[in-house]
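Next come the chains, spelled out residue by residue.
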Amino acid sequence: MSAPTLATRTPRTKTPRRGKSFGIDARPGFLTYGILLAFFLGGAFPLWYSMVIGSSTGSVFASTWPPLLPGGQFWTNVAEVFATVDFWGALFNSIIVSGVITFSVVSFSTLAGYAFAKLRFRGKSGLLVFVIATLAVPTQLGIIPLFMMMKEFGWTGSLGAIIVPTLVTAFGVFFMRQYLVDVIPDELIEAARIDGASMIGTFWHVAVPAARPAMAILALFTFMTAWTDYLWPLLIAPQNPTLQVALSQLQSAKYVDYTIVMSGAVLATIPLLLLFIVAGRQLVSGIMAGAVKG
Amino acid sequence: MSTLANQARGTGNPRNGPGPTADVRPPRRRPQDDRRKRRRHSFSRFDTKASPYLYVAPFFLLFGLVGLFPLVYTFIVSLNDWDLLSGAGQWVGLENYRVELADPYFWNSLFNTFSIFLLSAIPQLVVATFIAAMLDRNIRAKTFWRMGILLPYVVTPVAVTLIFSSAFDEKYGMINNLIGMLDIDPVSWKSEVFPSHLAIATMVNWRWTGYNALILLAAMQAVPREIHESAAIDGAGALRRFFSITLPSIRPTMIFVIITATIGGLQIFTEPKLFNPSSSALGGPNREYQTTVLYLWDLAFNRGDFGKASAVAWMLFLIIIAIGLLNFLLSTTIASAETRRRGAPRFGRRRRNPRGIPIDTIAAVQFPAAEPADRQEPKP
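Residue numbers (the numbering used here), protein chains in the order written: chain H, 1 to 294; chain E, 1001 to 1380.
Since no wrong hints were added, every one of them can be taken at face value.
In silico lysine to aspartate or glutamate, EDC-like type, Cα no more than 16 Å apart, as pairs:
1. 151(H) / 1083(E)
2. 1049(E) / 190(H)
3. 1171(E) / 1192(E)
4. 1171(E) / 1185(E)
5. 1171(E) / 257(H)
Output of the computed footprint for chain H on chain E, the stretches with three or more beta carbons under 8 Å from beta carbons of chain H:
6. 1049-1058
7. 1200-1214
Hints in this document: simulated from the structure, not taken from any laboratory.
In this text, a Cβ means the ideal position worked out from N, Cα and C, and glycines have one as well.
Chain H extracted, bound-state conformation:
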């Protein structure tokens, strides 16, 4: 670090740090910000580029010098998107599918996570080891029997068929267990029980309020995972597409018109972008608290 080492300034961060800073808490120079800015722009550019192409004509897309400013064609292209796929229907499907999956995963994970964190029962540690072991199991590889099951039940093409395979996740249970084990003092549960609360009453009045922050984070990530899923919805219900499937159908034609595909990509990104603006801070803290890839 090039900053002068013995400059003892009171650190401006909220957490007071003892002793002299010896440079390690000094504000970094422009280089750090420059690197971060470059990385940020690299992350944002493809999004910007999709907006530029999505609002241009085909000839602009093919021009030698890449266009950098949006054109005026966005609504024309969007109209073309709406004419090609049932965008609103797909959006509706995605909302239903992701919503139901999120509700189910969060409810069942909280229940099971609470039992694993705070209740005593025979076989608990064995079952917990089982949950942890299945964290690493790639369940996606079971698609062939799942496909056969759905066909057998006659569910193919329905939203239910998309939803059912992801109603619970081992990760959710483990995540809630890890959170609740520290957060609820055992005495609190004992006190509620002694006061005559039933087990489910104790769960509802003691565990759920305490679990709320973790439930929110789990909900956020489950929703995003369900929303971005592509393989299973494509396989089981291509005629009743979710947003991702509909989006991919934009380019399945023989001739790909990238301007229309890009305007579709922009449209399909808006919902999650809104979520990011509203809950981006929670996303960041959720990842830093040890969330797992979906």
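Given the structure of chain H, go ahead and fit chain E onto it with the hints provided.
This is chain E only, laid out in the frame that chain H set:
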């Protein structure tokens, strides 16, 4: 966390009074209404005994039905000559495995999967660590930068592929246009092996690097500042501290990131599926980037050979589990070797360490547990 506990207390049973104390005693027994009490008591016992099982049951039932059963059943299907339309055929034992292991297309798909995986995992880990180190410094507007690097994560893989697919278009794409201005011949991004792998790895990297940087950042922040301070007092520069303190401390988290990246990366599907829609075969005109899941998909749902496709699924499953276990064993071996030395991690050979960070400093390095990071709220 104490605020949470308080919150929980506040919404608890109102008869609770001032919350739990150390000596909570059961209420004194009164001799009235004995029968009702006994009935209530037996219900309460049943409640206590049965409730935990009721709470975990939905998870195990559903997970067994839609998670584990299909995996096990895949194995049974793989032992049969099973067709998409005509259903179960003859029992063939391990024949499907033998055929697939002799099929060059299967090996091709494995090669493609691993090539794309390595091209994405390695640069991603290096860059994510670097970015995390930048974020770990005492920068201004922390939350802004953290959110900023996460932006690509909100773009779904389908949209990412569509965007990059247009940029990598062989005739008119932005990238070939740009390198054309440097007088470089256009690259066949969608019909040659290495360029297509590079393009697909770029998509994966673009979406996941910021995400992994945040995980690594959390691990870096768990390293006590005092260690950095005492190392700095002893004259270790920023670079030196990064390699001798930061990197060894975040190793468990790195292994965690590698394992999750392996599980996800070896099942890559969306990107190669949508990269070139006008290609005749799935995954490139000559299967240049046909990954194993794509090959499985082709076998099962285009050619209808469920038996062979299931054999492929099981082999991929075993590979993923094996790599996961290998990573895990490797990390526990390293960790236990370190515990035996009473928490003194080895920072390279001692003689490569002439200026030397004092041993107490080294011994004070706390290793985060197997979990990626402490549950710390980032300070905005």
